[in-house]
Amino acid sequence: MKKHDEERPPLSAENESGGVSRRDFLKISSVAVTVPMVVGPSVVKVAGAEVPVYGPGPVPVSLNVNGKMLKAQLEPRVTLLDALRDQFDLTGAKRVCDRAECGSCTVLMDGKPVYACSVLAVDAQNHKIETVESMTAPAGKLHPIQQAFVDNDAQQCGFCTPGFVVASKALLDKHPNPTPEQIHKELAGNFCRCGTYAGIRAAVSGRKEA
Amino acid sequence: MEFNWPDAQNRSVIGKRLSRVDGPEKVSGRAKYTYDQNPKGLLYGIMVRCPYPHAKISAIDTSAAEKMPGVKAVKVIQKVGSEIHWAGDEVVGIAAVSEGVAEDAARVVKIDYEQLPFMVDDVTEPHGQIAADTGPYDEDAIWDMLDNQVPANQMIERIKSGGLTFKPTEANLKEFGANGASPAVVDALGKAEVKQGAAPQVKSPYKRAALQTQGDPDAAFKEAEAVSEGYYGASVITHCCLETHGGMAAWNPTTNLVEAQISTQNTSGMAGQMAEPLGVPASNIHHQMQYIGGGFGSKFSPDRWSIVAAQLSKMAGGAPVKMFLDRRAELEVAGARPSAFAKIKIGVKKDGTVTAWDSSSWGTGGPGGGGAYPIPYVFDIPNQRKQHTAVATNTGPARAWRAPSHPQAAALSMCAMEDAAAKIGMDPYDFFLKNIELTGPRAKSYAEELKIADELMGWKKNWHQRGDKTSGPVKRGLGLSIHTWGGRGHASNCDVTIQPDGSVEIKIGTQDLGTGTRTAILMVASDTLGVPMQNIRLLIGDSKYPVSGGSGGSTTIGGVSSSSRRATVTALNMLFAKVAPALNAKPEELSAKDGKIFVTAAPDRAMTWKQACAKLGGMPITAQGKNPDREHPPDLTNSGVAGVQMADVSVDTETGIVRVNKMVAVQDCGLIISMKTAESQVLGALIMGISYALYEEKHMDPVSGRMLNPNMQFYRLAGLADIPELVVRMMTGPGYDERGVIGLGEPPVVSPGAAISNAVANAIGVRVPEIPLTPDRVIAALQKGVA
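Those protein sequences? They're chains A and B, same order as listed.
For the first sequence, the working numbering assigns the number 1 to the initial residue and increments by one for each residue that follows.
For the second sequence, the working numbering assigns the number 211 to the initial residue and increments by one for each residue that follows.
Incorrect hints may have been included.
What the hints assert, rightly or not - Computed list of lysine-lysine pairs in DSS-like fashion (alpha-carbon distance at most 27 Å, straight line):
1. 128(A) x 242(B)
2. 185(A) x 872(B)
3. 250(B) x 71(A)
4. 872(B) x 71(A)
To be verified - Which stretches of chain A does chain B cover? Using the computed rule of at least three CB atoms under 8 Å from a CB of chain B, they are:
5. 53-65
6. 83-89
7. 94-103
8. 107-119
9. 161-175
FYI, nobody ran anything at the bench for these hints, they're computed from the structure.
Please read these numbers as outputs of a predicted model, since none were measured by experiment.
Heads up, the beta-carbon is just placed ideally off N, CA and C, and yes, glycines get one too.
Generate coordinates for the entire structure from the input sequences, incorporating the hints supplied.
Now the structure itself:
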């Protein structure tokens with residue numbers, strides 16, 4: 001960590017970006033022991049476990065997204081969310097808080113909902129990633145959950161909607177007939193600003209009757 | 211066919227409950243917002259922001275950033291010597307090949323500041339801290355008055371009595387005139403007594419507006435049979451748009467053409483606002499945007515960030531630059547709803563008649579102070595005395611927040627009214643009804659809506675006197691509030707083209723904020739032409755389309771429904787003229803419905819829409835519609851609505867936690883075009899209202915002068931689990947429909963704060979003075995224990 005800090009540009013009190021940003025935090029925390037001066041992953045031992053170390057500088061990254069292998073050269077500090085959006089133009093997952101507070105970037109990793117803003121792209125390798133884009137059939141036919149969102153007007157501006165749709169899929173995969181408590185618990189990680197919760201609740205609880 | 215809205219029995223689509231047309235785009239992630247744009251060669255913009263709430267820039271060194279590989283342009287926005295008035299203000303803009311490089315570059319920009327004294331406290335009562343406003347006034351003081359929108363008559367009075375410390379030049383007077391001074395104010399400035407050499411009045415963050423009186427408040431309070439006194443407040447909140455503010459711009463240095471895409475509520479107004487700062491003709495600027503991730507009143511301007519994005523693009527040779535705020539900047543600088551605090555006295559008779567009002571109010575909208583509120587809200591109490599003090603603070607400037615000034619006015623007034631009812635032991639439902647004539651022309655609607663709300667909430671059955679007397683720590687109570695808004699349609703233009711093959715295209719330079727604007731326009735067009743919505747192509751969100759107003763103040767639905775109705779009626783009449791001979795009828799004898807054109811009196815004399823359009827030969831029909839169109843009555847839009855809301859809450863008196871059990875909203879808005887999205891507007895407003903009533907607050911740190919909670923963990927929005935049963939009843943039918951179309955975005959968001967606060971007071975027996983009703987405030991009010 002120390003060595004890494006020395007490589008960072010000097011901080012000045014006058015600088016808006018003076019604190020440790022989340023991006024830096026990920027950068028620091030993901031290479032906690034040492035930084036090898038070679039490109040590509042190497043392996044170090046941390047507390048007895050072998051940990052891959054990437055970078056600095058862009059490294060080859062392969063991601064299994066919606067059933068396809070996507071490859072790019074990415075800096076290790078790039079998040080899964082930014083890789084999806086900026087490299088692969090999968091912009092259904094939105095960047096809203098960028099620090100695991102709002103759920104607008106929700107994607108499924110091995111079937112479980114995660115905040116894509118808080119997973120590094122390098123760490124998402126060897127996992128199965130599903131984004132909202134995977135839920136709609138090529139002909140444009142909506143997934144039943146998506147159709148339920150439309151039918152119940154569970155979107156206004158729509159910016160939180162893809163995150164809610166993915167989180168709702170995870171909810172219904174886990175609890176096909178969710179109780180109000182299960183709905184509240186499983187969707188507690190997502191926020192909406194326009195106030196579409198009534199429609200969302202109707203969409204996820206109505207589906208069991210369909 | 212006439213322009214006027216069809217009668218209930220002749221509406222085929224208008225008023226129906228249909229799903230929004232862009233729902234599938236949104237739920238599938240296909241809807242592309244500005245933040246999602248990712249063109250080839252995109253550069254990422256970032257701002258270096260000032261960390262201090264009040265400072266002067268003493269040095270800027272961008273050399274390290276400029277040398278950094280991947281940095282394509284660096285622009286100093288505020289130069290050495292500039293004064294910064296709030297933390298987070300923009301100083302340097304950078305464009306780079308990746309976001310990471312842009313952040314690295316921002317970090318090595320060195321800026322030195324001279325820190326200056328600041329104030330971020332808006333809640334302390336200004337009483338006793340205000341120097342008497344006697345003048346004389348220097349030039350800055352005049353600008354302050356104009357910035358604070360001091361009414362002209364008050365400005366003139368002050369200038370006449372206080373005089374000036376400077377002799378305004380012709381150029382001065384012209385500049386004042388160009389920046390909001392009325393001709394009478396300019397005249398007063400020109401004629402004012404000049405006290406050369408006199409010291410200007412000491413600057414104070416507190417600007418007291420002139421005392422306003424109506425009737426004889428002193429006599430009325432003397433005669434009052436009971437007087438209720440209290441303190442009330444609403445804290446500063448932010449817009450917290452999920453798509454942060456930002457834009458993308460590409461400025462081709464060779465052609466001098468600018469392509470802009472800004473997250474905005476104001477499609478048609480962007481180019482005009484960008485022209486002057488960029489120094490290019492507005493006609494060289496093309497703006498388009500299809501989806502916006504929230505605005506709520508805060509996204510009418512290109513703002514400095516989009517202007518700088520364009521400038522950086524030109525510096526970088528024309529590559530597109532995308533500049534979006536991060537969450538911290540969004541909450542610190544990109545919009546705040548002003549605070550409002552007041553000490554209020556109300557005089558009543560024992561029968562509940564309100565006779566007198568006295569208020570001393572204050573609040574901040576940032577460095578410019580903050581305007582007065584429309585209090586007493588809705589009820590025009592005959593005898594009033596009002597004094598407002600604007601508090602200038604070193605905080606991010608206010609922006610219009612859904613129903614500007616009304617939620618605060620309701621929180622102050624409706625809580626004070628409820629306390630007055632409690633003072634004489636009267637049910638606020640009866641108390642409001644007793645005084646309903648004071649609400650003016652909408653009194654009948656309020657009375658009707660109160661009755662319906664009572665039925666939906668079970669108010670009369672469940673209401674109890676102040677303080678839930680049941681045992682146990684959780685207390686339950688009911689509260690209500692009423693509200694109003696204007697909502698007349700804005701200026702809007704619409705083009706419609708009917709092609710010989712039967713296809714229809716509509717163009718309007720409007721935008722859909724998620725309110726359902728696309729859906730409503732298509733419903734109007736479909737109802738008029740008798741053609742299914744999916745057969746009509748609607749184009750919005752582009753500065754090339756006919757000019758339509760910005761979406762603010764609930765003006766969009768009236769504007770676009772009227773212009774699209776007029777355009778489609780005109781086009782249809784042109785089509786009728788073409789096909790009438792074939793049906794052996796006069797054009798005015800024809801109707802269009804269910805994909806057919808037929809003789810109204812003999813529906814079997816008909817042809818299909820396609821057959822009718824084929825009669826056009828080779829050339830399409832094109833027609834225009836506009837709102838307003840005074841030469842072609844009737845007016846299709848109207849102004850002025852009433853609304854009633856009731857809240858049922860539970861308060862845990864041990865933890866101070868408030869939960870809303872149920873809310874009821876009864877709302878009118880004239881003729882409703884799209885029932886489903888209209889109900890969604892009201893549901894959304896109730897949810898947003900619960901959020902600001904219980905959770906939202908912009909916390910300023912008195913030590914650093916910065917916002918303490920500029921993130922979504924501590925700037926708390928209501929979540930799904932916080933939302934109870936919501937009941938919405940839209941008023942339709944006779945007495946409402948014939949008024950024409952009236953906007954709906956603002957009114958239902960006005961009352962929740964007051965209704966929930968009143969329900970809490972009813973539950974626990976004491977007033978929690980300020981919203982949000984956080985646990986600490988509830989506990990403090992309980993401990994103080996004053997009813």
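So, going through the hints one by one against the coordinates:
1. For the suggested pair residue 128(A) and residue 242(B), the alpha carbons sit about 25 Å apart, so the restraint of at most 27 Å is met.
2. Between the alpha carbons of residue 185(A) and residue 872(B) the distance comes to roughly 20 Å, so the proposed pair stays at or under 27 Å and holds.
3. Straight-line distance between C-alpha atoms of residue 250(B) and residue 71(A) comes to about 18 Å, which keeps the hinted pair within the 27 Å bound.
4. Restraint check: the Cα-Cα separation between residue 872(B) and residue 71(A) comes to about 51 Å, which exceeds 27 Å; the hinted pair is violated.
5. Check on the segment 53-65 of chain A: 0 of its residues sit with their Cβ under 8 Å from a Cβ of chain B, so the three-residue criterion for coverage is violated.
6. With a threshold of 8 Å between beta carbons, the proposed coverage of the segment 83-89 of chain A by chain B holds, since 3 of its residues qualify and at least three are required.
7. Only residues whose beta carbon comes within less than 8 Å of a beta carbon in chain B count, and the segment 94-103 of chain A has 8; three or more means the coverage holds.
8. A stretch counts as covered by a chain when three or more of its residues have a beta carbon under 8 Å from one of that chain; for the segment 107-119 of chain A and chain B the count is 0, and the coverage is violated.
9. Only residues whose beta carbon comes within less than 8 Å of a beta carbon in chain B count, and the segment 161-175 of chain A has 3; three or more means the coverage holds.
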